[in-house]
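Student: If you number the sequence shown the way the working numbering does, the last residue is 196 and the count never jumps.
Any given hint could turn out to be false.
Pair by pair, the computed Cβ-Cβ distance ranges are [stated by the list, open to error]: (1) V43 / T111: 29 to 35 Å; (2) D62 / L24: 22 to 28 Å; (3) D109 / G52: 24 to 30 Å.
Think of the hints as simulated: they come from the structure by calculation, not from any bench.
Glycine residues also receive a C-beta, built at the ideal position from the N, C-alpha and C atoms.
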Amino acid sequence: MRRVFRIGAAFSAATIAALLLLVAAPASAHNYIVDSTPLEGETLTVLPDELSVTTNDVLLDLGGDGGGFAIQILDADGGYYGDGCVSIRDESLSTLAALGEPGEYRMLWQLVSADGHTISDEIDFTWQPDADQVLSEALDAPPACGGGSLEENTPPAAAEGTDDSSVSDGNGAGASVDAETAVLIGGAVALVLVAGVAIFLISVKRKKDAS
-14 MRRVFRIGAA FSAATIAALL LLVAAPASAH NYIVDSTPLE GETLTVLPDE LSVTTNDVLL
46 DLGGDGGGFA IQILDADGGY YGDGCVSIRD ESLSTLAALG EPGEYRMLWQ LVSADGHTIS
106 DEIDFTWQPD ADQVLSEALD APPACGGGSL EENTPPAAAE GTDDSSVSDG NGAGASVDAE
166 TAVLIGGAVA LVLVAGVAIF LISVKRKKDA S
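Kindly produce the complete structure, drawing on both the sequences and the hints.
Tutor: Below, the structure is given as structure tokens:
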């Protein structure tokens, strides 16, 4: 009876440890979008105060300067709108709204999630302004906050290539599991396997002792 109790206790401990690891794993996942202005596929008729994305967790702005954060608005012809400045408030990233002639638009966004990884994606929407809406002129290049364009203010070496840490989350469909999460899951599986092997060996020894 004591051996049976020890076997059950060992298996229970391993299972609890595995479950704790699995529960902790989602904390390492990237932020994902839970709301935005505009929504994917939405038709705007009135210009909102801000264009924004809101995630499920706080955004990580360690330097306090918005590094790694951006929102760009483009029309179907590749023209840019806005001033290039963004505001970071808890789980949300936003920029002052500015749009031009009616048509199809894209809002490109990039942010640093709570786990330190950069994620980015885009939201497509339609602009059909009412008659009293104020329209803006398109810019030829993405604007830089404070004036000028990003092409003018970015050194050539930094402009080439992309950050390998960037991950697209499919506009809120869920973030990809990173390496740390995979390690946690692997450790949980290993604990269960070790417990299974231990139970098997104890059972074999018990049969030999009984014979």
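Student: Please go over all the hints and tell whether each is borne out by the structure.
Tutor: Hints and how they fare:
1. V43 / T111: 29 to 35 Å: holds, 31 Å
2. D62 / L24: 22 to 28 Å: The hinted range 22 to 28 Å holds for D62 and L24, with Cβ atoms some 23 Å apart.
3. D109 / G52: 24 to 30 Å: holds, 27 Å
Violated hints: none; the structure is consistent with every hint.
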